[in-house]
Amino acid sequence: MQTSSDEVLISRIANGDRLAMQVLFARHHVRVYRFVLRLVRNEATAEDLISEVFLDVWRQAAKFEGRSAVSTWMLSIARFKALSALRRKPEYELDEETAEAIEDHSDDPEVTLAKKDKGALLREALSALSAEHREVIDLVYYHEKSVEEVARIVDIPEATVKTRMFYARKKLSELLKERGIDRGWP
Amino acid sequence: MTSEHKEADGIEELLPWHAAGTLSRRDAERVEAALKRDPELARRFEMVRDELGATIQLNETLGAPSARAMTDLFARIDAEPKRAPRALGLGARVASFFGSLTPRTMAYASAAAVLAIVLQAGVIGVMVSKSGSGGYETASAPTTAPGVGAFTIIRFAPQATMDDITKFMEMNKFNVVAGPTAGGLYKVRVGDASLAAGDLNALVKKLQSDKVVGFVAPTR
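Line by line, the protein sequences give chains F and D. Following the numbering used here, the numbering of the first sequence begins with 1 at its first residue and continues without gaps. Following the numbering used here, the numbering of the second sequence begins with 1 at its first residue and continues without gaps.
Think of the hints as simulated: they come from the structure by calculation, not from any bench. Take the hints with a grain of salt, since some may be wrong.
[What the hints assert, rightly or not] Within a straight-line C-alpha distance of at most 30 Å, the following computed DSSO-like cross-link-like pairs (lysine-lysine) qualify:
#1 D:LYS206 / F:LYS177
#2 F:LYS170 / D:LYS206
#3 D:LYS36 / F:LYS170
#4 F:LYS118 / D:LYS173
#5 F:LYS171 / D:LYS167
#6 D:LYS206 / F:LYS171
#7 F:LYS170 / D:LYS211
#8 D:LYS205 / F:LYS162
#9 D:LYS205 / D:LYS187
#10 F:LYS118 / D:LYS36
#11 D:LYS205 / F:LYS118
#12 D:LYS173 / F:LYS63
#13 F:LYS118 / D:LYS211
#14 D:LYS206 / D:LYS36
#15 F:LYS177 / D:LYS167
#16 D:LYS167 / D:LYS187
#17 F:LYS162 / D:LYS36
Chain F on its own, in the form it takes in the complex (with noise of 0.2 Å):
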């Protein structure tokens, strides 16, 4: 519904049109944030991220040629800039790890069960995800992303995207087990 309006924008952007600019960053920014602050597990460094971001889409925005929609172009802008941080950055890894170490607890697993209800379970073993898994999850269920356009912004092929998919959903059914739900699947 918003694709064509968006690529309108981009065409205004590309002619320099700032209030064009402040509707697309006003309309995307949110979710460009946390897409990039579920990469980067930093909220400092995902608010500077995504103003490099739209940077980007500001300087590149008359090299747009509408063969995705502006929201998978810019969710690409944003994997790109969030890797290169991760890489220039090794710390944001170590936080990681310290989240994962954080959310993971001595409790038994009936304890934690008895303790928690399964969608807070669920979400304790979404965040417990390695960052691919994580990220092809948020592309097709919170960012609404069809198979072609995480391909796209994961650039990788789209056989590759379903399997992917299938394991992260897979890791998530480990995940669980370990807390005391047992799925039944895989």
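Since the structure of chain F is provided, determine the placement of chain D on it from the hints.
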């Protein structure tokens, strides 16, 4: 047909995209047909829907960036060199094509397209703004303070029409109290504060099977 056959057909691996509503019509119909035939596949689809709900809830708790991000961005944009107007791009060329149509042709085409696009958002917007308390109210619904009650977050199915949504809200005596968020989610009051958590979960499960509902989960 067994679930093993579904895997061979690649049906099962399409379930996440079917739950998110991003499959082509043809693939969605294939999956729907398979779900009707195969109870085990339907059980696995429920698992996928749980994952979808948890992922949305998880992301919605991440908050939003501060105003600093926007301030920084526009300071940097203002520091960029002024650019000369460029040649028309594809989007502009399309706009130019439509501009060449007669006003009457354009008016009919635009009206039809715009009507289809805004109908769902419009009717829900009316529901949000209809009452003074900010909540949609049916004629028989009692007035309730906005923060009091049992709530869910709902994303309406993309194919749901204005009539479908209106009937759904009236039949269930629900009120839209906020939304939509960036993800097209609405906060909907589905009962009073005395509704027990177990009853709310049971209600959510029932609503999940309603064709008007794309996604639903309990919230505070």
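To see whether the hints hold, each was checked on the structure:
In summary, the hint linking LYS206 of chain D to LYS177 of chain F is supported, as the alpha carbons are separated by about 26 Å, within the 30 Å threshold. The suggested pairing of LYS170 of chain F with LYS206 of chain D holds, with an alpha-carbon distance near 27 Å, which does not exceed 30 Å. Under the criterion of a C-alpha separation no larger than 30 Å, the hint pairing LYS36 of chain D with LYS170 of chain F is consistent with the structure, at around 24 Å. Taking the CA atoms of LYS118 of chain F and LYS173 of chain D, the gap is near 28 Å; set against the 30 Å cutoff, the hint holds.
Using a Cα cut-off of 30 Å, the hinted pair LYS171 of chain F and LYS167 of chain D is violated, with the two alpha carbons roughly 41 Å apart. Note on LYS206 of chain D and LYS171 of chain F: the hinted pairing holds, with a Cα-Cα distance of about 29 Å set against a maximum of 30 Å. Distance restraint check for LYS170 of chain F and LYS211 of chain D: the Cα-Cα separation of roughly 28 Å lies within the 30 Å cut-off, and the hinted pair is therefore satisfied. In summary, the hint linking LYS205 of chain D to LYS162 of chain F is supported, as the alpha carbons are separated by about 28 Å, within the 30 Å threshold.
Between the alpha carbons of LYS205 of chain D and LYS187 of chain D the distance comes to roughly 17 Å, so the proposed pair stays at or under 30 Å and holds. Restraint check for LYS118 of chain F and LYS36 of chain D: the C-alpha separation of about 26 Å stays at or below 30 Å, so the hint holds. Among the hinted pairs, LYS205 of chain D with LYS118 of chain F is consistent with the structure: their alpha-carbon atoms are about 14 Å apart, no more than 30 Å. Under the criterion of a C-alpha separation no larger than 30 Å, the hint pairing LYS173 of chain D with LYS63 of chain F is inconsistent with the structure, at around 50 Å.
Straight-line distance between C-alpha atoms of LYS118 of chain F and LYS211 of chain D comes to about 25 Å, which keeps the hinted pair within the 30 Å bound. Among the hinted pairs, LYS206 of chain D with LYS36 of chain D is consistent with the structure: their alpha-carbon atoms are about 18 Å apart, no more than 30 Å. Between LYS177 of chain F and LYS167 of chain D, the direct Cα distance comes to roughly 41 Å. Violation of the 30 Å bound is thereby established for this hinted pair. With a CA separation close to 18 Å, the supplied pair LYS167 of chain D and LYS187 of chain D stays within the 30 Å bound.
The straight-line distance between the Cα atoms of LYS162 of chain F and LYS36 of chain D is roughly 23 Å, inside the 30 Å bound, and the hint therefore holds.
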